[in-house]
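Student: Okay, here's what each chain looks like letter by letter:
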Amino acid sequence: MRLTGLGIIVGMLCAVAGRAQTPDFNQEVRPILSQRCFKCHGPDEGQRKAGLRLDSRAGATALLANGQRAIGTGKPEASLFVKRIFSHGPDMMPPVYANKPLSDKEKDILRRWIAAGAEYKPHWAFVPPKLAPLPKVKNSAWCRNGVDNFVLARLEKAGWKPSPEADRITLVRRLYLDLLGLPPTPEEADAFLNDKAPNAYERLVDRLLASPHYGERWARRWLDLARYSDTNGYEKDRQRSVWPYRDWVIDAFNRDMPFDQFTIEQIAGDMLPDATAAQKIATGFHRNTMLNEEGGIDPLEYRYYATVDRVATTGTAWLGLTVGCAQCHTHKFDPITQREYYRMMAFLNNADEPTIDVPRPDITAKRREIEAQIKEREAHLAEKFPVPGTLRWLPAPAPTATAVSGAKAERLPDNSVRLSGPIPQTDSYTVTLDSEASEVTAVRLEALTDPSLGSSGPGRTPHGNFVLTEFTATVAPTDAPNSAVPVKFVRALADFSQDQFPAQNAIDGNPKTGWAIAGTGAWNVNRTIVFTPEKTIRLPHGGHWTFHLEQAYGGQHTLGRFRLSLGQEVSTDSRPLEVRRQEELERKFGEWLKQAEGSAVRWQTPRPEKATSNLPRLAVQPDNSIFVSGDMTKHDVYTVQIHTDGKPVTALRLEVLPDDRLPNHGPGRVFYEGAPGDFFLSEIAVLTAGKTMKWASATQSGIGSAQNAIDGNPQTGWSINGRQGETSSAVFRLAEPLTADTLTVQLDFEQYYAAAMGRFRLSVTSDTRPAGAELPSDVEELLLLPAAQRTTFQQNRLRQHYFSVAPELEPERAAIAQIRRQMPAYPTALAFTERPADNPRLTYVHHRGEFLQREAVVTAGVPAILPGLPLSQTPANRLAFARWIASPQNPLTARVAVNRQWAALFGAGIVRSVQDFGYQGEPPSHPELLDWLAVYFSSPSAQSGRTAASGLGWSLKKLHRLIVMSATYRQSSRITPELLARDPENRLLARGPRVRLEAELLRDAALTASGLLSRKIGGPSVFPPQPPGVTSEGTYGPLNWQVSEGEDRYRRGLYTFSKRTAPYAMFTTFDAPSGDVCVARREVSDTPLQALTMLNDQVFVEAAQALGRMMSARPGPLEERVAALFRRCVTRPPTSEETALLVKYFTAQKARFEQKELDAAKVAGMGEGDANDRAAWTALSRSLLNLDEAITKR
Amino acid sequence: MNEFENQKLHIARRHFFQECGVGIGKIALASLLTDAFAAQTARGQGTAGANPLAPRKPHFAPKAKRVIHLFMAGAPSQLDLFDYKPELTKFEGKPIPPSVIKGQRYAFIRSDAAVLGPRFPFAKHGQSGAELSEMLPHLAEVVDDICIIKSMKTDQFNHAPAQILMNTGFAQPGRPSIGSWVTYGLGAETNDLPAFVVMSTGAGISGGAANWSGGFLPTIYSGVRLRNQGDAILDVNRPAGVDAKLQRDTIDLVGQFNRREMAREGDPEIAARIAAYEMSYRLQTSAPELMDLKSESKATLEMYGADPDKPSFARACLLARRLIERGVRFVNIYHEGWDAHSDVVGNLKGNCGATDRASAALVKDLKQRGLLDDTLVVWGGEFGRTPMGETNAGLGRSQGRDHHPQAFTMWLAGGGMKRGLVYGGTDDLGFNVVENPVPIHDLQATILHLLGLDHERLTYRYAGRDFRLTDVEGRVIKELLA
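From first to last, the protein sequence lines are chains A and B.
Each residue of the first sequence is one higher than the one before, counting from 1 in our numbering.
Each residue of the second sequence is one higher than the one before, counting from 1 in our numbering.
Keep in mind the hints are simulated off the structure, nothing from the lab.
Backbone N, C-alpha and C fix where the C-beta goes; we use that ideal spot for every residue, glycine too.
Careful: at least some of the hints might be erroneous.
So the derived label-pair ranges between C-beta atoms look like this [stated by the list, open to error]:
id	chain 1	residue 1	chain 2	residue 2	range
1	A	519	B	104	50 to 58 Å
2	A	139	B	264	24 to 32 Å
3	B	121	A	854	26 to 34 Å
4	B	101	A	49	53 to 61 Å
5	A	854	B	104	43 to 51 Å
6	B	101	A	500	39 to 47 Å
7	A	742	B	104	50 to 58 Å
8	A	98	B	418	29 to 37 Å
9	B	475	A	58	31 to 39 Å
In silico negatives: residues of chain B with every beta carbon more than 10 Å from chain A [unchecked claim]:
id	residue
10	93
11	105
12	158
13	238
14	243
15	285
16	292
17	301
18	326
19	368
20	371
21	419
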């Protein structure tokens, strides 16, 4: 069904070498042996048949159990091997069932090889490359640099000639597309065409290499290997922030970071001395693996798969080895044992995987600015304390109330309103009342309990809570009932507000927020909220009031009984405002202090004696807290032993603390599926002498319910999402005081994802007063100090804390919170951090590669077939591994790298199998050229420059320069019938490259032609238009593709948001990878779906319309304008014949528009001027963007 | 490619160039093309130029020519639909003995979760006497035309990996799906529609695009979505204001220039591009024709329960029939939503309500049109559901069932499968397969076999290795073949 490329190259070689010669082992013999024999007679002992090993000379010539030899060197007739391969009987090799018959030509090669002595040579790719002298050629005038000598020598040997040099206009387009991934504009092309200097070409090359778009073009190719994507993959496929890594790659190319450094930073940048933020971001290379967040998975299992992927990707990207094949069994073809595979994995398996902040100076500056604003506001809190007036509440007037839901609203004798009847999810009450009050300075709403309500109210939920989402009022003077005006409330104060539901929410104009009253302790009590209007409302003859009580929260959170009354200021205090304010503040502070001192209990925070877990590592910190690192499981259990002073313990306090080492700054370790930085404490238990003690109750500061952690149900728990980066605490009271020297506290985190705490601290108290969690630990401690002993600093701390809880300052705090919300967060990136020496992650051999089948532990090491690790500088760790890969002594790395660059420029590598340099890969078409390039590339560059002895010092820019400067590269890409017949794949390079543009570049080219392209570099990924539903229909983790505004609509393709389970449709259609796995070579397909995209997709339609506008607005004769348009799309000018065709098309279409056969406005889109003209230009542009010439590099 | 296929390709091309009114240099071009395509055959796996979708001969005479896979994503409860286990009622509320569970990992439940009995009554149907629950009244009518496998098993117990395994033979994304393999192996029998078509109804698909990806096979073998919103095939509709004539004129102009370029540059790939544009033009007609259900009789619409204008599983089934009638090789319909961690009763009522009638109608319809003999219909999810119930107050779950990889049920119909057969069985608690286990790779090997493909010979060389759908396993289950 198919012929491999190998057949062709072998054929060519034979043609060159002549039949009589000894076959070359590497080029001709090993490929046959590898493909036909090694699977059963190769390195894998487990699969080896008949005890015969054909991948080594010793094995092949050894005496077999039957007393014969497979290969008798020099004696084909005495070789069982020869007999069997020429057999047609049942003993034929390879056996019929293997379905890999040898051709006659192959049999002949093997026979002649044995006849000549069956010499084995090491596989070419494992032998260090050598700098061969430049071959002599007849037509030396053709050669521009060393590349050409190798290519021409080969052509001359075959009796062929290179193609003539391409014309300059072809070359300028080729260079732009190759080096920048963008076509030249006509002006850019002209600049080169008009440059008559002899070194004009060289100057163009240098200009392009210096362009910042160079990095974008080459980054995209590298990102295929890095399996870059903006989502996690698998079912949930949530977004991730890893674009700083993508920008790092762009920047590295632009700065021409030497490839060895480029390699080391990506594999082990975090381990370099004083690693910079950029070096840490570089380790994102291996964080691009997928993350399965599906409910019910074992996170460690998928971490293992990610590591498997990292090994395979390292092999493909740098070594050109299919090391992944050795995951399940020793490699069937290449000399890599299964144990060696896991030893390589060990290098990459000892890292933790944090999310790191990317420090950006602009954001730092903005943050500082906002912090300063907040500080400023906080410093003036005391001045905002409300000045006391004496409010006199007038008797509540008789209200009339209605509910939108139709619930019954009845007026009670005390002029309150009680709701009954069906309980709606949401409601809105309108209350009207008439009051004689002539001056109103406040409105009071009392939420009242009532036995008819759930838990006696005041709300209508079964638990009695409600949420007042918005409170508004209008008032009209009694004598002018039709001139009602809205009342503007500026302040709302409640005697109690539920956490996250402050009173101010009821007047913030936002129906999504509100005031509610649930809390710890008994909260089914009467509550009061007072609203203050902007200014005193004066109504000489009283007023007609209308109030709206919006309760849009849902879940029946509506008011059950309430009363409204109006208040009048009656203060007669004539002292200055500030004096009165100060007096009030001191009074209220004093009240709070007294209450707080009365409730504070004394906590002890002993240093934990022992802290262990099922798997994570618990480390006691200097502040007696515990920091957790290492791997997590679905059910983590922490066990902490603390010593007490012997007094009976009445309660335990658990503080959870933020830490920058944790996801989202902690305190939890949740890094996927759940909310990053959160935790889920399923149960907490205190044991002493093996006995579990009974809890009485639990409270917590902030949010969540600590009670869930002592309810005996592991499916409920305490968590704090929304309070990441802050300290929260919970207090657990024991049913009976506990007397014991040592307590064991056990914390269970059992949720369907890894959900344990990252940093926490345990304290105990023997106080008999009920302990609570409301006070921060330091404040509580200060409160226990006699007032006289408190320093000024301590006093200030108390006052500062009071300011943070005083209900009177709630509006001001809300304003500060508003400012805080504007604080920009740093972008984040995904990185590696090597684990601490005392907590390494062990790597095992896995039987058949399966996660659950662990066998022996292995240490890190490299395959024996390759040079050893350079261990002089570092231990055998990831950094040493990175340096080993990036060493000029590694026979593979430089070859693989130069081959990849060659493939990018010529459409195919010198080694066609760019991802496989092993036995199964294809041998190089120009082995000496490959080696020459590899050595030259990886040798240090001499300071003086381009002497023959100096290398390129791993500079990719210099390598690209070298290749594109060659005569080989500059050849015309025309395929003559002769070339097509002789060398359809252009293996001998008798012509220049012809390749369809890659998916992203197709888009970039159309946007460049139309002038729409944004040239902005870097930043978060963007969402250009694509048909609706691509990322949502049938997608488990749908993404609402909110199309980007402004220039982000027209950014280069590599910035398009990449969603793994539903990739950008146009890119998929044009063979772009989804980022699931490392891709070394994109397929180039040609499908009708591609034609549909080019013709009908919005991106190309918009590009055509932009060109339409541009051309319609352009003055000049039609032929000139047609030619200008043509040049924008394909760079070269049209021939006169072509111009005539284009003009004919244009004229015909324009006539159709003018005759209203077609709707010109629709075709032309937005724009000014004659729509028919624009539409005709749009139609013509659309055609030109579709030309093969427009989408092909040639 | 053998001589015969070559010839066919050649004829197809000649036909194409004649039909499409090639304007200039017809004869020169024709000879160029011949050379180009001759060269293409030497390009091995490369898809450039030569039509990679040209029909190819199978390894041996096939029974089935095409496949419709009704993928019940999320995993239906076999215990409440197919695999009747009265013992479960007896043990309801008690944990399954640890000797049965044996340390099996579960997604959500604990190993001591209580047994949940079958939620619906079962009855025997047809001559085969196969037992079905009352949730499948329509399937009951065709029970003698289908083959029920009660002994399916998998080694993945999470949706995305299990779905990807079912489709690609490997639990992580990146390998070709069965539809891609089949299209690669057999080519297409239509030039007017994609060869491998994917539809989805219900909720989203856990495994995402990896389920119908061509993996490392050339992109042309990837499944093409037939979408519920917007253009049925992405970008199949012309832009606003562009009529058929303008589109034709455009393609003609593009073709004219491309042929000139071909004459000048000599790249056979340009011929392939010209052909692709022509096919795209045909698609713009064939796709609306396909989607237009006006020609279907009222009785047919009724039988499927399909509203011609509203996306639904029923409409997808009817479209699947129309697709295969038009030469499409492989159709996937995903109906996701069977993941009944809570309220298995409500879940089955909803999903059976949406799928039972149409699934059965598809079998009936294919049969009455004589298409069932060479069309294979596959119905099933990615794993089964536990005999134990799932209850979790924290997650708001009760009366559900968790993921169960050890045993589940699928049915297949037509295309050379035995009819009226119930194959394999599980223990009294429906926990483990005890008779004729069918691992995923065996099912895949069997499907390929029905299509005339030897799963060990259908390989593709990638990264130094010959890959196949069944990885290193797979056995054709001969007992299932008619």
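Student: List, from low to high, the hint numbers that the structure doesn't satisfy.
Tutor: Numbers 1, 3, 4, 5, 7, 11, 12, 13, 14, in rising order.
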